[in-house]
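If you read the protein sequences in the order shown, they are chains S and W.
Read left to right, the first sequence gives residues 4 to 372 (this note's numbering).
Read left to right, the second sequence gives residues 16 to 117 (this note's numbering).
Do not rely on the hints blindly, as some may be mistaken.
Within a straight-line C-alpha distance of at most 30 Å, the following computed DSBU-like cross-link-like pairs (lysine-lysine) qualify [unchecked claim]:
#: 1; chain 1: S; residue 1: LYS239; chain 2: W; residue 2: LYS37
#: 2; chain 1: S; residue 1: LYS37; chain 2: S; residue 2: LYS216
#: 3; chain 1: W; residue 1: LYS26; chain 2: S; residue 2: LYS166
Bear in mind the hints are in silico, worked out from the structure with no lab data behind them.
Chain by chain, the residues run as shown.
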Amino acid sequence: MNKVGMIGYGITPFSKDDQKIETVLMDSTKELFKNNPEIDRNHIDAVLVSTNNNSKYLSPVLSEMAGIQPNVSHTIESLCNSGTNSIVSAYSYIASGLADMVLVSGAERYDSPGQILEWDNSRGEYKHPIFWASIFAKSYKREYGISDEQLAVVSVKNHKQAKENPNALSNKTHSIEDVLNSKKLTDDLRLLDCSRPCTGSASIILGSEEKVKQLSENPVWITGIGQKTISAGFTKNISFSSMESTKLAGQSALKMADKNIENIDVAEIHDAFSVCEPMALESLGFSKNGKGMNTIKELHDTDNFKINPRGGLIGTGHPLGATGIAQTIEITQQLQSNAGNRQTENPQMGLVHNMSAAATSSTVLVLEK
Amino acid sequence: MSFESKLIEGKFCIPECDECKKIVWPPSEICSHCFGNVHLREGDFEGKIIEFSRQNDQYFCMVEFENTIKIMAKISEIPEIGKNVKISKCGILDGDYFFQVI
Chain S
4 MNKVGMIGYG ITPFSKDDQK IETVLMDSTK ELFKNNPEID RNHIDAVLVS
54 TNNNSKYLSP VLSEMAGIQP NVSHTIESLC NSGTNSIVSA YSYIASGLAD
104 MVLVSGAERY DSPGQILEWD NSRGEYKHPI FWASIFAKSY KREYGISDEQ
154 LAVVSVKNHK QAKENPNALS NKTHSIEDVL NSKKLTDDLR LLDCSRPCTG
204 SASIILGSEE KVKQLSENPV WITGIGQKTI SAGFTKNISF SSMESTKLAG
254 QSALKMADKN IENIDVAEIH DAFSVCEPMA LESLGFSKNG KGMNTIKELH
304 DTDNFKINPR GGLIGTGHPL GATGIAQTIE ITQQLQSNAG NRQTENPQMG
354 LVHNMSAAAT SSTVLVLEK
Chain W
16 MSFESKLIEG KFCIPECDEC KKIVWPPSEI CSHCFGNVHL REGDFEGKII
66 EFSRQNDQYF CMVEFENTIK IMAKISEIPE IGKNVKISKC GILDGDYFFQ
116 VI
């Protein structure tokens, strides 16, 4: 397989703006090309759009708006991990030799239809994500003796880190008490435990080794990819206190990169809800089972931004189709020592974890300098 | 009869494959194991509460039937993990399935 790396990226602030999806998509695409004037749009072989929006033919639409005539252009939808699914598709086009340069643009509106999986009738009338998150939280707390107060550290940490991210939806810090006193959605979930749907976009250009060496002064390579789909329905999960698809995707990605979890210096974790962060850290092997909150508390107490430096989904907002791409941009910025006040100490290797529909599917990417 | 047409009548049935005899869940007319045809087994099924939470004053729980089927259901009493329950009400409202257990 050909080597695949990052050539450029563009990202704009996440908001609650009521804008057409085409406009949102164009925002980060324009930013990308403004930041990287050396990229010749005539040499872009494929344009992939990641979104859950119901508008049709968005990739050709974006291509036309951006003055690109690609060979391949199509949309990719996989609920919350549409972004990394698109990156995996772009990787495959390049690694196989079908393309040398691929633009991947993700965008979503605050009112995305991807927030609720209508098909999953086994959830009965409890289809909104707050219900699966409540079951996860209750199950995780019961199994490992974790309190609401302990779990609230996830939200406190990620809002603190988002304050250093100019593109984040949140620019406020919150205390443990703020989280516990925020609106009670269920017995096991407060408003500040949740990521918020928003309007946002993020774009990257991936390229072959030759293109990356030609166009990037500070190359970052995708060296590991792992994906696993266990089911589509939430109730098919075997455990409600761990993430099987994440565990398997993480193992595959690290195997492909020929690395161990101990080699990862910085990671973006899919914290759709507070409980998802310790569950994912444990399933990926960053922490032992039941010890994810110890890891998170220690990082928070020492102001170490290793996990979710941009503020996670909780602090940054969650425009579904853009999230996985925004996570990948963050790890790229970290590895390029270009993350401003969020910069971690000289990271060599990073990981992206992006999942869908109560962890029924997960994608894990490993990125290296 | 499909699972949905029985559910509309307020009956919860277990979909089972004619060929391999396995339970097919989520309900489908084609077996996800062997692609055989699926029939509906009627009965007064007993399930077990495996998790629960509460929204406002309303408890909701996850109930498992025959070690295979799991559904999210409303429950009026305070749920207990491991407690056996039966479906007291079910149907389709505004396109969404609903289940209540007792």
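Of all the hints given earlier, name the ones this structure violates by number, lowest first. Violated hint (a single one): 3; every other hint is consistent with the structure.
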